[in-house]
Amino acid sequence: MSTQYTNELNSAVLAELARSPFTSAQLAEMNDEARVTVAEQEAYNRQHPVNAIYRIAVGGSFTLRGGVVREPNRTGKIQISAGQRSGIALEGGWVDYPDGSAARIVTSAGKTWTIHDRGVALVGSTQANGDVITSTRMNVPITEDFPASREG
Numbered sequence: 001m002s003t004q005y006t007n008e009l010n011s012a013v014l015a016e017l018a019r020s021p022f023t024s025a026q027l028a029e030m031n032d033e034a035r036v037t038v039a040e041q042e043a044y045n046r047q048h049p050v051n052a053i054y055r056i057a058v059g060g061s062f063t064l065r066g067g068v069v070r071e072p073n074r075t076g077k078i079q080i081s082a083g084q085r086s087g088i089a090l091e092g093g094w095v096d097y098p099d100g101s102a103a104r105i106v107t108s109a110g111k112t113w114t115i116h117d118r119g120v121a122l123v124g125s126t127q128a129n130g131d132v133i134t135s136t137r138m139n140v141p142i143t144e145d146f147p148a149s150r151e152g
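Its first residue numbered 1, the sequence shown is counted upward by one per residue in my numbering.
No lab work stands behind these hints: they were computed from the structure.
Cβ atoms here follow ideal geometry from the backbone N, Cα and C, with glycine treated the same way.
A few of these clues could be false.
[Claimed, not checked] Simulated DEER-style distance windows between Cβ atoms: (1) Tyr44 with Ser24: 18 to 28 Å; (2) Asn73 with Ser101: 13 to 23 Å; (3) Asp96 with Arg35: 26 to 36 Å; (4) Tyr97 with Glu29: 23 to 33 Å; (5) Val132 with Val50: 21 to 31 Å.
With these hints in hand, go ahead and build the complete structure from the sequences.
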């Protein structure tokens with residue numbers, strides 16, 4: 001079974017998000033302008049702490065009712081762990097259930113994050129049968145207009 005991640009914002013997640021992406025050596029190699037930009041961004045992040053995350057759903061994500069997001073075959077792939085890649089689930093994609101039934105994903109990140117004009121599915125996205133994606137194999141936070149459903 002693959003490791004799954006939820007949208008829980010716990011101390012470990014907050015510590016990971018607060019960690020600088022740059023080492024001391026990398027900062028030392030930067031020019032003054034770049035170091036100022038990094039310092040400004042770090043100050044901004046301290047003034048605007050993370051208060052929610054919405055992870056990207058990928059093939060193999062789980063739902064509340066025991067469904068598994070079908071591996072997308074026409075979307076971009078993202079690295080989910082060392083050497084492993086998975087397709088990004090999209091609005092309109094499918095969730096398969098142990099009883100043989102399937103349901104379409106009907107909510108997504110909205111227009112902010114799309115692939116081929118379809119919103120990227122997130123942990124928290126719902127299916128046409130009312131089920132909800134509860135965890136993902138992907139450990140990445142994203143956008144604020146969730147959940148958005150496609151109109152028209």
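23 to 33 Å as the expected CB spacing between Glu29 and Tyr97, which holds or is violated: 52 Å, violated
Status of the given 13 to 23 Å range, CB of Ser101 versus CB of Asn73: Holds, since Asn73 and Ser101 (Cβ atoms, about 20 Å apart) stay within the stated range.
Verdict for Val132, Val50 (Cβ pair) under range 21 to 31 Å: 22 Å, holds
Whether the CB-CB distance between Asp96 and Arg35 falls inside 26 to 36 Å: Distance hint for Asp96, Arg35 is violated at roughly 50 Å.
Verdict for Tyr44, Ser24 (Cβ pair) under range 18 to 28 Å: Taking Cβ atoms as reference, Tyr44 and Ser24 lie about 21 Å apart, which means the hint holds.
Violated hints, listed in ascending order, are 3, 4; each of the other numbered hints is respected by the structure.
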